[in-house]
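Trainee: The residues making up each chain are set out below.
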Amino acid sequence: MSPEAIIDGLFAGSVYALVALALTIVFRPTRIMNFAQGEAVILGAAVAYQIVALEKLGWAVTLGVTLVLAAFMGLLMERMIMLPVRLSGSRYAWIIATLAAALIFQSLFNLKYFDVDALRPEPVIEGGFQLVGIAVEWQEALTILVALAVMGGYDLFLHRSAYGRAIRATAHSSDTSVLMGIPVQRIIGLSFVIGAVITAIAGMLAAPVIFVAPAAGLLFTIKGFTAAVIGGVGSPRGALAGGMIVGLLDTVVRSMVGGSVGNFAVFAALAVILVVFPSGLFGKPMEAH
Amino acid sequence: MATVDSRVPGSGDATARGSVFDSPGYHRARTAVLGALAIIAVAVLLAWPMITDYYSYNAAYYNGLVASAAISAILTISLNLSMGYGGMLSMMHSGLQLAGGYATGYLVVELSGSWLLGIVASVLVGTVVAMLVLLVSLRATYLYFGMITLAANLIVIEIGREWDPVTGGIVGISGISPKLGDEVMSKQAFYYVVLACLALMYVLQRNLVRSGVGRAAMAVRESSDTASAMGISPSRAKLLLFGICGGMAGLSGALYALQLGFINPDVGLLDNGIIFFVGLFLGGISTLIGPIIGVGFIALLVELIKDQARYTTLVLGLLLLIAMMVIPQGIVGTWRSSRMGRDKLPELKEGPLPDEVPDVVPEVRGVPEGTAALEGSGIVKHFGGVHALDGVDIRVMPGTVHGIIGPNGSGKSTLVSCLTRYHRIDAGQVKIFGTEAPATAHGVARGGVTRVFQVPHLFERVSVLDNVLTGMRMQESYSWLGAVLRSPAYRRQDRKERQEARELLAFAGLAGRADWLASSLSHGQKRLLEVVRAVASRPKVLILDEPATGLTSEELDALGRLCRVLRERGLAVVLIEHDVDFVMGLCDELTVLESGKVIERGTPEKVRNSAAVLEAYLGRPDLVEETS
Chain Y
0 MSPEAIIDGL FAGSVYALVA LALTIVFRPT RIMNFAQGEA VILGAAVAYQ IVALEKLGWA
60 VTLGVTLVLA AFMGLLMERM IMLPVRLSGS RYAWIIATLA AALIFQSLFN LKYFDVDALR
120 PEPVIEGGFQ LVGIAVEWQE ALTILVALAV MGGYDLFLHR SAYGRAIRAT AHSSDTSVLM
180 GIPVQRIIGL SFVIGAVITA IAGMLAAPVI FVAPAAGLLF TIKGFTAAVI GGVGSPRGAL
240 AGGMIVGLLD TVVRSMVGGS VGNFAVFAAL AVILVVFPSG LFGKPMEAH
Chain F
0 MATVDSRVPG SGDATARGSV FDSPGYHRAR TAVLGALAII AVAVLLAWPM ITDYYSYNAA
60 YYNGLVASAA ISAILTISLN LSMGYGGMLS MMHSGLQLAG GYATGYLVVE LSGSWLLGIV
120 ASVLVGTVVA MLVLLVSLRA TYLYFGMITL AANLIVIEIG REWDPVTGGI VGISGISPKL
180 GDEVMSKQAF YYVVLACLAL MYVLQRNLVR SGVGRAAMAV RESSDTASAM GISPSRAKLL
240 LFGICGGMAG LSGALYALQL GFINPDVGLL DNGIIFFVGL FLGGISTLIG PIIGVGFIAL
300 LVELIKDQAR YTTLVLGLLL LIAMMVIPQG IVGTWRSSRM GRDKLPELKE GPLPDEVPDV
360 VPEVRGVPEG TAALEGSGIV KHFGGVHALD GVDIRVMPGT VHGIIGPNGS GKSTLVSCLT
420 RYHRIDAGQV KIFGTEAPAT AHGVARGGVT RVFQVPHLFE RVSVLDNVLT GMRMQESYSW
480 LGAVLRSPAY RRQDRKERQE ARELLAFAGL AGRADWLASS LSHGQKRLLE VVRAVASRPK
540 VLILDEPATG LTSEELDALG RLCRVLRERG LAVVLIEHDV DFVMGLCDEL TVLESGKVIE
600 RGTPEKVRNS AAVLEAYLGR PDLVEETS
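Keeping their order, the protein sequence lines are chains Y and F.
In terms of numbering that gives the first Met the number 0, the first sequence is residues 0 to 288.
In terms of numbering that gives the first Met the number 0, the second sequence is residues 0 to 627.
I should point out that these hints are in silico values taken from the structure, not numbers from a laboratory.
Just so you know, even glycine gets a beta-carbon here, dropped at the ideal spot from N, CA and C.
Some hints could be false.
If we take Cβ atoms under 10 Å as the criterion, some of the chain Y residues that face chain F in the derived model are [what the hints assert, rightly or not]:
| no. | residue |
| --- | --- |
| 1 | Gln105 |
| 2 | Leu107 |
| 3 | Val115 |
| 4 | Leu273 |
Make a model of the complete structure from these sequences and hints.
Mentor: Here you go:
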């Protein structure tokens, strides 16, 4: 195993951690595990590919377009998922609705990029540097830093702002929150938007380095979910820890054994963790599920 | 068996009453039309190869279309059993199909075995994989169960990709064909094999769901606590049902491989699996015929847009979302709850309650003198630092009504949960008729101690009668195979059970509502039904946790009457209650709890005059006088 594998693992881990964070953000007020979350990764990657690699317009434009499109995607997801869930009343409604949303987005990406294997733009910063003898690409370092900043920022937002308090209250009981005058509908909408934006940024930054196929959204969701479960669904810090564990496990196993054994290790780890700790490694039991 | 969510029978709106849709003539006509449609559908399916042969140059294509749809329908029935009736969110059905396909493919191609043997192997593989996954995830709640199945699905696919010698790696196995002797069976003959399998699986589903096995699974779906109180082991019920689902999925995998001639890892992908979810939800989850109708509908749709095949996933996804919003209960569920489709319920006839006690009410005789029916000694239970129970002794004698009273938070419900093994006790002993109580909640129920919970725990989505039948699960001795094949033993027991359940309902004054959905009863009727369901499980000790809360005085009388009948029959009835008049009038003996300790026990008179009890309920009178 090369030391570079560890850096690769931390890089992949920060992408999964961001997806896990987004899953958590949507889960807390809605109690919905959004299977369409990974599609925002593809959106970010697709925008970067389209604008940087095809249109040659640069990363500043990419960031702007990604933010706008991701926010729109979040709003759209909220409608596509919450409306059927409310109207249907079935206990499985959430999973069917999120799966349907995931497939709709996936088929849209497939239709647009049917002849593209990997959505791969040039990196934001070319090249790399040496850190105690380990070669690190600038793009990897940037992604890890952005992930840490997003995590820290969201943690602050959650604990220091009035809106953050409202979100935490909604997570505990949306019914009581309505009575307290908290605009729960708006919070749910906002959660979807924030989740989609964070995930899209992850996709945008990841695309130059890792393999992002147009149909890979579900795979990112599942790895993000694994990270969230390991960290315990609900906390940004848990998401970070879980993401890093998943990323390291994936890349290290891949570099030692090779091939698709990395995926296998991650899914096996998920199964083992859920069997031994039914409520995640660091988490509280997820009630009502 | 009506399990559709929101059907409120006889909701009694004046406009609907007397409309043409409620007339007996309409119901007769509807039955006839639906029956005729079903016969036509079956006839068309049977004659399909002849029809396509006559009308089309491409008969094999159209036969394959219907056969593939039938194979999908088998998998969707399996999904319906596990999600709709068992409440187990399975995301590994496409993986089970893949595993089944590999079993047949390997056996037929590599070992040149017979395809019939391949089908058997596939069923076995599917069953084993499903049971293994369920065994490792017994403790997981339902979302996590879904995730474990998703992980299992991915693992099956990864194994398929890597295990070259058996699965053929990424390429998969091809050239799988059903052979009769040395000749390959014609597609047309195999069409009938598939059709026969579908019919068998439909019958299996129907018979299973309508038997005690299905009722047990549905009880676990609603609440595993309540199921345990009926003596049903949630783990065993889930394992059995999911094993059967796995076998069905394996069968569909075998048929898939034989029909198409190949199997590869892509078959297991969730993207392919989505079509089964769409079919299930479109047709109607938790309905018998829904999966078949849903899959048929989708097969038709996919065929119609086949020129634009790249939009198929998009169209299916949008269709699924729209269907969830417009017909959340699926085609079948929506039809059943519509005015045209709902069943007519018998008019209510309120007669006097029968005086004769039905024989179903159990009798406990010949207990040795001095043996307590239920005995707890030195029971200690801590929740963190809170001493909920601090060395409680209680002896409940057979043939008595034993009251447990005490202020709020004194530990009454905790005591019941400890006695019935819902909570693990920190110290102490529980004995049932002198022997150590079993360690599990359902074991205690099988030992003859049945409890009724403080908040109603009815199975709301099934009928009143089915609720009572679920309570009788412990007496049923037929196996799931007996239920599926409708063996003589099954028929005999089923007939007897239904008879007894109706007698019990009549005794409790609920006879006219036997076919209603449990959710449509009033609060008092629900409480009464819960007691009836508990009595149906033939307990020796019946524990009622605050049954009188919110009852009208007539309902209280009915409850008191039932308790007295049970006492006469030699049962021990434990009553936790706040209504002091009700308790004092009914109980032979009382135990008074306060802060997890017994402060008084004895006859109602003794308790009424006890200084300790007065203090616990009213505070110390001497102190009150001093301060005022």
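Trainee: Could you run down the list of hints and mark each one as holding or not?
Mentor: Do the hints match the structure? See the list:
1. Gln105: holds (7 Å)
2. Leu107: Since chain F brings a Cβ to about 7 Å from Leu107 (chain Y), closer than 10 Å, the hint holds.
3. Val115: violated (15 Å)
4. Leu273: holds (5 Å)
Checked against the numbered hints given earlier, this structure breaks only hint 3.
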